[in-house]
Structures are given as structure tokens and as C-alpha cells.
Amino acid sequence: MIRFENVTKVYDQKARPALDSVSLEIDRGEFAFLVGASGSGKSTFLRLVLKEDRATSGMVHVAGQNVANISSWRVPRLRRGIGVVFQDFRLLPQKNVFANVAFAMQVIGKSRSVIRDTVPEVLKTVGLEGKEKRMPHELSGGEQQRVAIARAVVNRPGILLADEPTGNLDPTTSMGIMGVLDKINQNGTTVVMATHDDDIVNEMRKRVVELKNGKVIRDEARALYTSMLPVVGQSRRLKDASGRDEAAHSGGQAAGQQAAREQAAREQAGEGRL
Amino acid sequence: MRLQFILGEIGGGLRRNLSMVVSVILVTFVSLTFVGAAGMLQLQINQMKGYWYDKVQVAIFLCGEGSTAAGCASGPVTAEQQDNVRTLLESPAVAQYVNDFQFESRDDAYKHFKEQFSNSPIVDSVTPDQLPASFRINMKDPEKYQIISETFSSQPGVETVIDQRQVLERLFSVMNAASLVAVIIAGVMTVCAILLIATTIRLSAFSRRRETGIMRLVGASKTVIQLPFILEGVIAAVIGAALASGTLWAVAHFFLGEYLSKQYPDTAFISPAQTLLLAPALVGLGVVLAGTSSLLTLRRYLRV
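Protein sequences appear in the order of chains A and B. Just so we're aligned: 12 in full-length UniProt numbering is position 12 of the first sequence, and the numbers increase by one with no gaps anywhere. Just so we're aligned: 170 in full-length UniProt numbering is position 170 of the second sequence, and the numbers increase by one with no gaps anywhere.
Source of the hints: derived by calculation from the structure; they are not laboratory data. Please note: incorrect hints may appear among the correct ones.
[Stated by the list, open to error] From the derived model, a few chain B residues whose C-beta atoms are all more than 12 Å from chain A:
(1) 5
(2) 6
(3) 12
(4) 23
(5) 53
(6) 54
(7) 93
(8) 171
(9) 208
(10) 211
(11) 212
(12) 218
(13) 221
(14) 223
(15) 225
[To be verified] Covered stretches of chain A, going by a simulated chain B footprint (3 or more residues, C-beta under 8 Å):
(16) 84 to 98
(17) 106 to 116
[Stated by the list, open to error] The calculated BS3-like cross-link candidates involving lysine-lysine, where the alpha carbons are at most 25 Å apart (straight line), are:
(18) A:215 <-> A:124
(19) B:114 <-> B:49
(20) B:222 <-> A:51
(21) A:95 <-> B:222
(22) A:212 <-> A:183
(23) A:110 <-> B:222
(24) A:14 <-> A:215
(25) A:51 <-> A:110
(26) B:111 <-> B:262
What you are looking at is a predicted structure, and each value in this text was computed from that prediction instead of being measured. Positions of the beta carbon are idealized from the N, C-alpha and C atoms, including for glycine.
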């Protein structure tokens with residue numbers, strides 16, 4: 001579904017490349033995590049898939065076509081096959097939930113009756129039944145992200161790109177969002193998710209591609225998030241303070257801590273799916 | 001659906017940007033009014049030229065019933081006198097200065113008069129026998145008017161010899177200068193309008209960058225994304241053009257029609273309906289102006 005062949009992306013000639021000869025293949029229907037520190041090239045990867053940027057060298061294939069060969073007036077067609085979700089939701093604040101999702105269909109010219117049928121169905125998939133009339137500011141962060149996911153998948157794209165979709169959410173809500181993404185993946189959509197969230201990665205046990213300084217340093221199936229980057233550790237401590245049992249994590253050694261984390265995550269996943 | 005969506009977007013954009021839209025309307029209104037004023041002056045010049053102006057330079061008017069000139073003491077021109085004038089015009093002494101000449105009978109004169117003064121109330125009170133017959137002469141060299149004048153003014157049956165150019169040329173040069181001034185002002189105002197439209201579109205694109213960003217992501221075509229912005233500018237410009245056309249019509253109707261034509265009943269003025277001929281040109285100009293300037297702006301500020 002997505003294939004990178006020796007892709008290098010250089011933004012600034014003097015600096016190191018954002019992506020350095022990356023070769024990677026993500027198959028149809030796969031669920032892959034893209035992990036790594038800020039600046040490791042995760043966002044660049046996603047931008048190249050969307051043809052927001054051109055690769056400096058190498059080839060990017062999306063859904064069977066080389067994106068370099070897609071003329072600018074056909075880029076919209078490429079993007080219709082790709083849904084995107086962001087950390088900051090990017091909902092339209094003056095439109096209600098239904099209208100936010102319908103917007104994605106209106107702008108590509110879907111008929112009103114199709115919109116009327118499809119939107120409630122998608123909202124049901126993401127668990128927002130009965131909230132069609134709510135405005136974004138009346139929703140919790142998790143619900144807002146669900147609206148954003150609904151908007152991303154309402155046109156039934158083959159690929160869903162998620163750029164730190166849980167970055168602004170607490171762990172419980174995050175697991176709920178992961179449940180939604182997993183469900184979408186099970187319906188056949190390829191999901192690529194860039195994340196810092198180790199709990200989620202460890203819980204999901206999906207393929208993990210780790211980037212560091214623009215290079216793929218790890219590509220494992222059913223893998224864990226193992227990273228020694230201090231940034232991640234900090235963000236975890238903040239999350240701990242926001243609602244989890246601090247004592248369970250503060251004392252133990254790395255292995256024990258890992259086990260406890262997984263335990264907690266499993267519990268929360270259960271809650272999130274209720 | 002898509003059309004309805006685009007119309008909705010335009011409506012929202014116009015509402016959100018109301019003050020800028022109003023200023024675009026006013027600037028295009030003023031600039032197109034000046035363009036239209038220049039056009040109106042040219043129409044007026046054409047109107048005043050009447051049937052003969054571009055064809056001949058000198059007119060020899062023959063005596064009519066009411067003529068009071070010295071040469072007309074014996075009453076209206078006779079057929080014999082008329083033939084004498086014609087013979088003289090064809091004689092080698094005169095013919096060397098004359099390219100061509102035509103005889104305008106009273107009925108012809110009446111017909112041409114009616115055309116030229118169609119907008120004036122005077123037309124109803126004039127009958128063919130009040131108008132003199134005339135010979136209209138196209139000179140080889142208009143400067144030689146004097147020769148014709150000397151030869152014919154003393155002829156029996158000739159009321160007067162007139163160099164039409166001398167009468168109207170000065171007025172026309174003033175009107176042409178006024179047109180030029182109007183065009184220059186229009187040019188400056190048009191530059192203002194273009195810049196203002198560009199700024200408005202830029203602001204509009206900025207205030208809706210969230211929407212356009214999402215449209216890009218879900219694969220909306222360039223047309224769907226850009227058209228609302230372009231049409232916003234175009235609609236404002238068309239409203240401005242319509243106001244300008246209305247203003248020109250009002251000037252023709254109230255100032256020329258109701259006031260000046262009563263002050264100067266012997267001058268032919270353009271009708272309000274004639275100014276409306278300028279309206280499509282003004283609207284077209286407004287559309288082209290707004291369309292190109294917003295298209296260029298969007299190319300810079302709205303990446304698709």
C-alpha cells in the first residue's frame with residue numbers, strides 16, 4: 001500500500017537529511033506504528049505519502065502509483081484515498097459534529113442523500129451516536145478526536161495516517177481512540193500511526209518502525225516501544241501525574257515498570273472500550 | 001450539491017469579510033464610474049457630430065422661408081439659384097479644392113435632425129420647412145475654407161457658409177481632454193481596486209485557512225477550494241460596476257436630460273438608454289479586474 005525505496009528528503013542542504021535513504025513497505029490492511037523522537041522523520045514520512053513534499057531522491061509508491069508521477073491536478077485524487085488525523089484534531093469550530101464530518105464529503109461533491117446516510121454510520125463506528133448536533137467545544141478531547149477520525153474515514157480511504165492522534169489525550173481516552181483505529185484497521189484500512197506513546201504501542205502489539213535521525217533503526221512485527229530517549233520519559237512522567245497510580249511506577253526497575261505499565265494499559269483499554 | 005456548497009462558502013466569506021467587501025465595492029464603483037464618464041464623453045462627442053461631421057467640413061446653407069440673411073432678401077432659394085450654386089461647385093475654379101459634395105434636401109435635413117436630436121424635446125416642434133437645404137462639401141484641404149466662404153456667401157439664394165469644424169472642434173478638444181483626465185483617474189483608481197481586491201482575498205484566505213487546509217487533506221479539487229474566493233472578489237466588483245452604471249444613467253437622465261438639455265436646447269445630448277450600453281463593458285471590466293487579481297493572489301497565498 002505504501003512503499004518507500006531509498007527515499008531521502010533534504011530540507012536544508014547544510015543540515016542532515018530529514019529522511020536518509022529509507023526503504024520501507026507497509027502492506028494493505030496493515031497497522032504500523034512509526035516511533036521515534038521529535039525530528040526523527042516521522043512527520044516527513046507522512047508528508048511524503050500525502051505528496052505535501054517531494055522526495056529529494058528515491059521513490060514513494062502509494063496505492064500502487066509512484067507519487068512523483070502524479071500531476072498536481074491529480075493530487076486531490078491521491079488525497080481522497082488517504083485519511084489524516086492530527087494531534088490537534090483540526091475541527092471547524094463553527095460547525096457541529098455532523099457538519100464537520102459532512103464537510104469532507106461536501107467538498108468532494110458527494111450528494112446530500114449520500115451524506116445523510118453515510119455520516120451517522122461513520123459516527124456510529126467511532127462511537128459518537130447521538131452527538132451529531134454537538135459543537136466541538138462541547139465535546140471532550142477524546143470525542144473531538146473521534147470526530148476527526150470520522151471525518152478522515154468518511155470517504156472510505158484505503159490508508160489512514162495518524163500523526164500523534166493521542167498526543168493531547170489522557171491514557172484512558174487514548175486507549176479508546178486506539179480501539180477506534182483498530183476497528184477501522186479491521187475493516188481493511190491500512191493504518192500508519194506516528195506516536196510517542198509507549199503505553200499504546202506496548203498494548204497494541206503491532207508492527208513498530210522506529211526512526212532515528214531520518215533512518216529506520218528498527219522494524220519489528222508485534223513489537224514493543226523500547227526507547228531510551230529522555231523526551232519520552234518526561235512526557236510519561238507528566239502523564240503519570242495526570243491521573244495514574246504514581247507509586248506503581250516510581251520505585252521499580254525497568255522490567256517491573258514495564259510490566260506495571262502494560263497492566264495499567266490493559267485495564268484502561270478495557271475501560272475505554274466499554 | 002457542489003454548486004450549493006460553493007455558494008454557501010461564498011455567502012459565508014462575504015459575511016465574514018463584510019467591511020473589506022464593502023470597500024472593494026466602493027473602489028470598483030468609483031474607478032468604473034470614471035471609466036464610464038470617459039466613455040460617456042466620447043458618446044456625447046459622437047452625438048454632437050451628427051450626421052455630417054465626419055463626412056464634410058463646410059456647409060452652404062440655402063435660403064429658406066424664414067431666412068433673414070442679406071442674400072435671402074428675395075425669399076427662399078429658387079431652383080435656378082440652387083442650380084447656379086451646384087454649377088459653381090462643379091466649376092474648375094472651385095472643384096480643385098473640393099473632394100466631393102452632396103446636396104441635402106429639406107427632407108434629408110429633417111431626417112438627420114430627427115436622428116441627432118432624438119433625445120431632445122425640440123424634435124417635435126420642428127418641421128421640414130423650417131430647416132434649410134444645404135450643400136455639404138468635403139474639402140481636399142479643410143484649411144482652404146476661406147475660399148469657399150468668399151465664393152459662395154455672396155451668391156443669391158445662399159444664406160450662410162459654415163465651417164462646422166471651427167464651431168465644434170474647440171468644444172471637442174475640451175471634452176477629449178476631460179475624457180483623458182477621467183481615464184487617468186480611472187487608471188489610478190483601478191490600481192487601487194486591484195490592490196484592495198488582492199488584500200481582501202488574502203485576508204479571506206487567511207481567515208479560512210482552517211477550512212482550506214481540511215479541504216486540501218480530504219482531496220477537494222483546486223476549483224472547489226479556490227472558486228469561492230475568486231467569486232467573492234468578482235461579485236463585489238460586479239456590484240461596484242452595477243453601481244457605476246446606475247450612476248452614469250442617473251447623470252444622463254437627471255443632469256443631461258432634465259437640466260442641460262433645457263439650458264441648451266439646440267445641442268444634441270445622449271440619452272440615458274445610451275449610457276446603459278456602457279454597462280456591459282463596465283461589468284466585464286470589473287469581472288476581469290477582480291478575477292485576475294484574485295487568481296494571482298490565490299496562487300501566492302493559497303497553496304493547493
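Tested hints:
Not every CB of chain A lies more than 12 Å from the CB of residue 5 of chain B, the least distance being 5 Å, so the non-interface label is violated. A Cβ of chain A approaches the Cβ of residue 6 of chain B within 12 Å, the least distance being about 9 Å, so the stated non-interface status is violated. The claim that residue 12 of chain B lies off the interface is violated: its Cβ sits roughly 9 Å from the closest Cβ of chain A, which falls inside the 12 Å cut-off. Remark: the non-interface label on residue 23 of chain B is consistent with the geometry, its nearest Cβ contact in chain A lying 24 Å away (cut-off 12 Å).
No Cβ of chain A comes within 12 Å of the Cβ of residue 53 of chain B; the nearest lies about 55 Å off, and the non-interface call holds. With a minimum CB-CB distance of about 52 Å to chain A, residue 54 of chain B clears the 12 Å threshold, and the non-interface call stands. For residue 93 of chain B, the shortest C-beta to C-beta distance to chain A comes to about 77 Å, beyond the 12 Å cut-off, and the non-interface label holds. The Cβ of residue 171 of chain B lies farther than 12 Å from every Cβ of chain A, with a closest approach of about 57 Å, so its non-interface assignment holds.
Residue-level check failed: residue 208 of chain B sits 10 Å from the nearest beta carbon of chain A, not beyond 12 Å. Its beta-carbon lying about 6 Å from the closest one in chain A, residue 211 of chain B breaks the requirement of being farther than 12 Å from that chain. In this structure residue 212 of chain B is not separated from chain A by more than 12 Å, as the shortest Cβ-Cβ distance comes to only about 10 Å. The claim that residue 218 of chain B lies off the interface is violated: its Cβ sits roughly 4 Å from the closest Cβ of chain A, which falls inside the 12 Å cut-off.
A Cβ of chain A approaches the Cβ of residue 221 of chain B within 12 Å, the least distance being about 5 Å, so the stated non-interface status is violated. At roughly 10 Å from the closest C-beta of chain A, the C-beta of residue 223 of chain B falls inside 12 Å, breaking its exclusion from the interface. Consistency note on residue 225 of chain B: stated as away from chain A, yet its beta-carbon is not over 12 Å from all of that chain's, at 8 Å minimum. Beta-carbon proximity to chain B at under 8 Å applies to 3 residues in the region 84 to 98 of chain A; the threshold of 3 is reached and the given coverage holds.
Only residues whose beta carbon comes within less than 8 Å of a beta carbon in chain B count, and the region 106 to 116 of chain A has 7; three or more means the coverage holds. For the suggested pair residue 215 of chain A and residue 124 of chain A, the alpha carbons sit about 39 Å apart, so the restraint of at most 25 Å is broken. Proposed proximity of residue 114 of chain B and residue 49 of chain B is supported: the alpha carbons are some 14 Å apart, at most 25 Å. With a CA separation close to 15 Å, the supplied pair residue 222 of chain B and residue 51 of chain A stays within the 25 Å bound.
For the given pair, residue 95 of chain A sits about 22 Å from residue 222 of chain B by alpha-carbon distance, which is consistent with the 25 Å threshold. Distance hint between residue 212 of chain A and residue 183 of chain A is unfulfilled; the C-alpha atoms sit about 29 Å from each other, more than 25 Å. Between residue 110 of chain A and residue 222 of chain B the alpha-carbon distance is near 16 Å, which keeps this suggested pair within the 25 Å criterion. Taking the CA atoms of residue 14 of chain A and residue 215 of chain A, the gap is near 18 Å; set against the 25 Å cutoff, the hint holds.
Straight-line distance between C-alpha atoms of residue 51 of chain A and residue 110 of chain A comes to about 24 Å, which keeps the hinted pair within the 25 Å bound. A distance of roughly 22 Å separates the Cα atoms of residue 111 of chain B and residue 262 of chain B; the hinted pair therefore holds under the 25 Å criterion.
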